[in-house]
Amino acid sequence: MSDQNVSETETADAPLFTQAELREFDADDVEAGKNICKMLSLFFFYTVIVMGISVWVTYTWIFD
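Per this note's numbering: the sequence shown = residues 6 to 69.
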C-alpha cells in the first residue's frame, strides 16, 4: 500500500519549529518592522517636500 502510514498523534505532538527558529523569526520580524518604519518615514518626508515644491510653484505662477 503506502509507506506514509503515520499516526495522527505522532504528527500533532511534534512542534513545527524549534526554539532557535522561533527566536530567529522574532529577530527577523523586528528587523522588518524597523525597515518598514524607515521606509514610511522616507515616503512621508518625500511627500512633504514634493507638496512644498508644488505649493511654491503654484504660488509663483499665480502671483508673478
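Accuracy of the hints is not assured; some may be wrong.
[Said to hold, decoys possible] Okay, the calculated beta carbon distance ranges per label pair:
hint: 1; residue 1: D34; residue 2: T65; range: 43 to 49 angstroms
hint: 2; residue 1: W66; residue 2: E26; range: 56 to 62 angstroms
hint: 3; residue 1: L47; residue 2: F22; range: 49 to 55 angstroms
hint: 4; residue 1: E29; residue 2: Q9; range: 28 to 34 angstroms
hint: 5; residue 1: T63; residue 2: R28; range: 49 to 55 angstroms
hint: 6; residue 1: W66; residue 2: D34; range: 44 to 50 angstroms
Since the hints were derived computationally from the structure, they do not count as laboratory data.
All residues carry an ideal CB built from backbone N, CA and C; glycine is no exception.
Violated constraints from the hint list, given by number and in increasing order = 3
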